[in-house]
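J.: So the chains spell out like this:
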Amino acid sequence: MITTTGLTKVYRSRGRDVTALDGVDLHVREGEVFGVVGRSGAGKSSLIRCVNLLERPTSGTVVVDGRDLTALAGRGPRAGAELRRARSRIGMVFQHFNLLSSRTVQGNVELPLEILGLPGRERARKARELLGLVGLADHARSWPAQLSGGQKQRVGIARALAGDPGVLLSDEATSALDPETTRSVLALLRDLNRQLGLTVLLITHEMDVVKTVCDSAALMRDGKVAESGTVSGLLATPGSELARELFPLGGATPAGEAETGKETVRERTVVDVTFHGESTGRPLISQLSRAQGVDVSILGAAMDTIGGRQVGRMRIELPGRREDNAVPIGFLRERGLTVEFPEAAGAARAPETPETPETVEKTR
Amino acid sequence: MTWPEMQPILLQGTVDTLYMVGWSTLVTVLGGLPLGVLLVLTDRGGLLANRAVNKAVGTVVNVGRSLPFIILVVALIPFTRVVVGTSIGPTAAVVPLSIGAIPFFARLVETAVREVDHGLVEAVLSMGGGTGTVVLKALLPQALPSLVAGLTTTVITLVGYSAMAGAVGAEGLGSKAITYGYQRFETGFMLATVVVLLALVTAVQLLGDGAVRLLSRRERAT
Numbered sequence: 001m002i003t004t005t006g007l008t009k010v011y012r013s014r015g016r017d018v019t020a021l022d023g024v025d026l027h028v029r030e031g032e033v034f035g036v037v038g039r040s041g042a043g044k045s046s047l048i049r050c051v052n053l054l055e056r057p058t059s060g061t062v063v064v065d066g067r068d069l070t071a072l073a074g075r076g077p078r079a080g081a082e083l084r085r086a087r088s089r090i091g092m093v094f095q096h097f098n099l100l101s102s103r104t105v106q107g108n109v110e111l112p113l114e115i116l117g118l119p120g121r122e123r124a125r126k127a128r129e130l131l132g133l134v135g136l137a138d139h140a141r142s143w144p145a146q147l148s149g150g151q152k153q154r155v156g157i158a159r160a161l162a163g164d165p166g167v168l169l170s171d172e173a174t175s176a177l178d179p180e181t182t183r184s185v186l187a188l189l190r191d192l193n194r195q196l197g198l199t200v201l202l203i204t205h206e207m208d209v210v211k212t213v214c215d216s217a218a219l220m221r222d223g224k225v226a227e228s229g230t231v232s233g234l235l236a237t238p239g240s241e242l243a244r245e246l247f248p249l250g251g252a253t254p255a256g257e258a259e260t261g262k263e264t265v266r267e268r269t270v271v272d273v274t275f276h277g278e279s280t281g282r283p284l285i286s287q288l289s290r291a292q293g294v295d296v297s298i299l300g301a302a303m304d305t306i307g308g309r310q311v312g313r314m315r316i317e318l319p320g321r322r323e324d325n326a327v328p329i330g331f332l333r334e335r336g337l338t339v340e341f342p343e344a345a346g347a348a349r350a351p352e353t354p355e356t357p358e359t360v361e362k363t364r
Numbered sequence: 001m002t003w004p005e006m007q008p009i010l011l012q013g014t015v016d017t018l019y020m021v022g023w024s025t026l027v028t029v030l031g032g033l034p035l036g037v038l039l040v041l042t043d044r045g046g047l048l049a050n051r052a053v054n055k056a057v058g059t060v061v062n063v064g065r066s067l068p069f070i071i072l073v074v075a076l077i078p079f080t081r082v083v084v085g086t087s088i089g090p091t092a093a094v095v096p097l098s099i100g101a102i103p104f105f106a107r108l109v110e111t112a113v114r115e116v117d118h119g120l121v122e123a124v125l126s127m128g129g130g131t132g133t134v135v136l137k138a139l140l141p142q143a144l145p146s147l148v149a150g151l152t153t154t155v156i157t158l159v160g161y162s163a164m165a166g167a168v169g170a171e172g173l174g175s176k177a178i179t180y181g182y183q184r185f186e187t188g189f190m191l192a193t194v195v196v197l198l199a200l201v202t203a204v205q206l207l208g209d210g211a212v213r214l215l216s217r218r219e220r221a222t
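Order-wise, the sequence lines are chains A and B.
If you're matching positions, the first sequence starts at 1 in UniProt numbering and goes up one per residue.
If you're matching positions, the second sequence starts at 1 in UniProt numbering and goes up one per residue.
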């Protein structure tokens with residue numbers, strides 16, 4: 001539904017080139033909710049604005065619903081009639097809602113219909129229908145200033161749906177909302193996705209958003225897509241950074257760090273285990289302990305439902321070096337679990353975490 | 001001078017002043033509003049970003065703003081004659097009054113429009129709106145309270161300018177004050193014109209403030 005190929009955006013600021021997007025290839029399938037996550041400055045915002053060409057990509061193409069929008073753009077900075085028509089079929093919601101305070105709620109929803117040239121009575125009917133869809137039928141005559149943040153975003157969503165779009169772009173739509181309102185707005189997006197078959201591309205910095213609504217996700221870093229795939233696929237990928245961030249394992253820092261300069265630390269191996277699919281239901285850790293005769297310490301564990309599937313993650317500690325533990329690790333891998341060694345990531349992070357005696361205490 | 005003597009003169013002066021200020025306000029809005037919007041649109045990062053046009057319009061506005069009004073009135077006499085056919089009288093005064101106030105109002109429009117959140121522009125563009133839609137549906141309606149406040153200031157400035165124009169042949173309260181109050185030493189009359197002008201300015205300000213309050217009520221909750 002949305003395909004970007006080699007999308008690059010370079011801004012010139014004070015004579016210096018800043019690369020916001022560096023060859024982004026993204027594929028969003030029809031009817032899915034696709035989340036792009038990343039820190040601020042990673043290029044998420046430029047990416048979503050390039051999809052409806054609010055920002056002109058420096059190079060690369062954007063195809064939405066089979067139409068190459070970059071070809072419609074023309075050379076000048078202004079949007080031609082064809083691009084404007086294509087934009088009216090792509091809804092967009094914003095972090096700060098961007099409602100006109102000079103119009104009532106209904107007036108705001110009617111605005112895109114005015115742009116489409118619908119007659120007045122038709123506009124009013126459609127606007128009321130959309131407000132009903134987002135649960136704000138009673139607020140048609142209110143002013144945006146009278147609404148709560150969640151209600152404002154619902155108006156924003158109703159407005160974005162006015163042109164019967166096939167695609168909805170969501171630019172940090174829940175970032176200005178409290179957790180409870182975030183949940184209800186996400187649930188609304190999920191419903192619209194299912195009811196209307198709407199394809200949703202959302203950008204966010206909140207992993208919870210991905211966890212709650214997304215079918216697929218991509219992680220952006222320095223203008224590039226570092227990882228992407230379906231959420232369940234990512235969780236089953238060893239070493240996936242997105243999976244680790246979606247499902248962090250609490251405060252237990254990898255024990256590998258504690259070894260330096262501490263003679264009292266005994267040798268041990270810390271392992272992160274991910275259970276997915278049917279393995280979530282089986283008592284594998286106690287089987288491991290019995291079959292291999294190893295003492296397993298559990299450092300942290302969590303269960304969650306991601307993309308409608310049960311997933312469990314556990315950080316365990318095995319006695320002995322990593323080399324000594326090949327058999328128990330093999331045992332777990334054979335049974336369909338994803339096994340990772342957090343030391344590797346821990347070592348890379350080491351300079352950021354000063355190794356004070358307290359952190360060592362906490363580790364144990 | 002007795003009150004019955006003053007009354008018709010004051011009345012005539014007030015009518016002329018209102019005539020001059022009224023027409024020049026209309027011309028000022030017609031000229032200053034597009035100019036102010038153009039200043040915002042052609043600025044860097046604007047929808048019609050164009051350095052040359054922005055610089056040119058900005059320079060014209062700055063020159064207009066820095067000329068003392070009394071000089072402008074005199075300098076424009078030949079131009080006024082071409083447009084109105086005469087350089088004397090309230091109709092002739094409308095020309096320099098408008099030309100003096102257009103740059104002033106344009107700057108106020110620019111400030112008001114610039115304050116509109118860029119997110120709203122983005123929203124209208126994302127719906128498929130063009131530049132005209134952005135201006136008419138988002139920028140101007142959103143800036144309306146500030147625009148009305150700016151217009152109030154402009155009208156009051158025009159009342160002041162019209163008194164100055166009175167010194168060089170326009171009619172109105174300013175010219176009456178000079179002829180009767182200053183040249184004939186009628187302190188009583190001078191005071192009376194001051195009172196009328198004060199009432200006029202106060203009425204405009206109250207009216208403007210009321211309109212702004214009414215317009216910005218929707219922007220506050222409840």
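Be careful, since some hints might not be right.
[To be verified] Here are a few chain B residues that face chain A, going by a calculated C-beta distance under 7 Å:
no., residue
1, 123
2, 128
3, 219
Calculated from the structure, these hints are not laboratory results.
All C-beta atoms, glycine included, are put in the ideal place defined by N, C-alpha and C.
J.: Can you verify the interface hint for residue 128 (chain B): is its Cβ closer than 7 Å to any Cβ in chain A?
T.: holds, 3 Å
J.: Does residue 123 (chain B) meet its interface restraint, that is, does its C-beta lie within less than 7 Å of any C-beta in chain A?
T.: Holds, about 4 Å.
J.: Do the numbers back the hint for residue 219 (chain B), that is, is its least Cβ distance to chain A under 7 Å?
T.: At about 5 Å, which falls below the 7 Å cut-off, the nearest Cβ of chain A leaves the hint on residue 219 (chain B) intact, so it holds.
The structure agrees with every numbered hint stated previously.
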